[in-house]
Amino acid sequence: NAGVMQNPRHLVRRRGQEARLRCSPMKGHSHVYWYRQLPEEGLKFMVYLQKENIIDESGMPKERFSAEFPKEGPSILRIQQVVRGDSAAYFCASSRTGGFTDTQYFGPGTRLTVL
Amino acid sequence: AQSVTQLDSQVPVFEEAPVELRCNYSSSVSVYLFWYVQYPNQGLQLLLKYLSGSTLVKGINGFEAEFNKSQTSFHLRKPSVHISDTAEYFCAVSAVSGGSNYKLTFGKGTLLTVNP
Numbered sequence: 028n029a030g031v032m033q034n035p036r037h038l039v040r041r042r043g044q045e046a047r048l049r050c051s052p053m054k055g056h057s058h059v060y061w062y063r064q065l066p067e068e069g070l071k072f073m074v075y076l077q078k079e080n081i082i083d084e085s086g087m088p089k090e091r092f093s094a095e096f097p098k099e100g101p102s103i104l105r106i107q108q109v110v111r112g113d114s115a116a117y118f119c120a121s122s123r124t125g126g127f128t129d130t131q132y133f134g135p136g137t138r139l140t141v142l
Numbered sequence: 041a042q043s044v045t046q047l048d049s050q051v052p053v054f055e056e057a058p059v060e061l062r063c064n065y066s067s068s069v070s071v072y073l074f075w076y077v078q079y080p081n082q083g084l085q086l087l088l089k090y091l092s093g094s095t096l097v098k099g100i101n102g103f104e105a106e107f108n109k110s111q112t113s114f115h116l117r118k119p120s121v122h123i124s125d126t127a128e129y130f131c132a133v134s135a136v137s138g139g140s141n142y143k144l145t146f147g148k149g150t151l152l153t154v155n156p
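Protein sequences, first through last, are from chains A and B.
So the first sequence is numbered by the working numbering: it starts at 28 and just counts up by one.
So the second sequence is numbered by the working numbering: it starts at 41 and just counts up by one.
None of these hints come from the bench; they were simulated from the model.
Check each hint, because a few of them may be wrong.
Stated by the list, open to error - Think about it this way: if two alpha-carbon atoms lie no more than 30 Å apart in a straight line, the pair counts; the simulated DSBU-like pairs of lysine-lysine are:
hint : chain 1 : residue 1 : chain 2 : residue 2
1    : B       : 109       : B       : 98
2    : A       : 98        : A       : 54
3    : A       : 54        : B       : 89
4    : A       : 71        : B       : 143
5    : B       : 143       : A       : 89
6    : A       : 89        : B       : 148
7    : B       : 109       : A       : 71
8    : B       : 98        : B       : 148
Unchecked claim - Taking beta-carbon pairs under 8 Å as the criterion, some of the chain B residues facing chain A (in silico):
hint : residue
9    : 82
10   : 84
11   : 86
12   : 88
13   : 91
14   : 95
15   : 143
16   : 144
17   : 146
18   : 149
Values in this document were obtained by computation on a predicted structure and should not be read as measured data.
The C-beta atom is built at its ideal place from N, Cα and C for all residues, glycine as well.
Please model the complete structure; the sequences and the hints are all you need to start from.
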């Protein structure tokens, strides 16, 4: 059973460009979570999605960031007009249900570098 | 809101020695507690979790952790480490109440390096 897949693993963008990060959850999982790890910090929750729905986006910056999890295909985290402060590791996790007893399985992360 | 402090950013040990990775948390509500491990170029993998019941929790790969509510700690231990335990270890919490127990709050991580 393949784990959570994220691509690309490394992404370099210049200031002002767009970054698209993709996450394919584990088979049978319909709940996806995005976390961001800034340098020298712990992972911080950004957004929780189910298929076609955003459940909780309380951790998302108000501007330039958006996320989706369409009926078909991977979840996408989109960052428009990137700035140097967006440089970080972005982790995706998935779970079968959203319950507290259900383990979140993490992908290897996407390292975004903004030049 | 919750916060997690991992007191050591790096812990070097020799093979077959015991190890303890420290984790303290702060929260105004009851929490669930987790330890994750990240091997190089891989995703975070759940080692163990405390939801309720016995405060001593056993996980995979011979690790265990003890929840101490009075000291707000959840330290991770292994009596004898192997080279293959070299990895980054993350402590995390989530709130029991409030409807957002899926929201994990992580510490900054502890890099465990096991030397021969």
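Hint by hint, here is what the structure shows:
| no. | hint | in the structure |
| --- | --- | --- |
| 1 | B/109 - B/98 | 17 Å, holds |
| 2 | A/98 - A/54 | 14 Å, holds |
| 3 | A/54 - B/89 | 23 Å, holds |
| 4 | A/71 - B/143 | 9 Å, holds |
| 5 | B/143 - A/89 | 18 Å, holds |
| 6 | A/89 - B/148 | 24 Å, holds |
| 7 | B/109 - A/71 | 24 Å, holds |
| 8 | B/98 - B/148 | 23 Å, holds |
| 9 | 82 | 6 Å, holds |
| 10 | 84 | 4 Å, holds |
| 11 | 86 | 5 Å, holds |
| 12 | 88 | 11 Å, violated |
| 13 | 91 | 7 Å, holds |
| 14 | 95 | 18 Å, violated |
| 15 | 143 | 5 Å, holds |
| 16 | 144 | 6 Å, holds |
| 17 | 146 | 4 Å, holds |
| 18 | 149 | 7 Å, holds |
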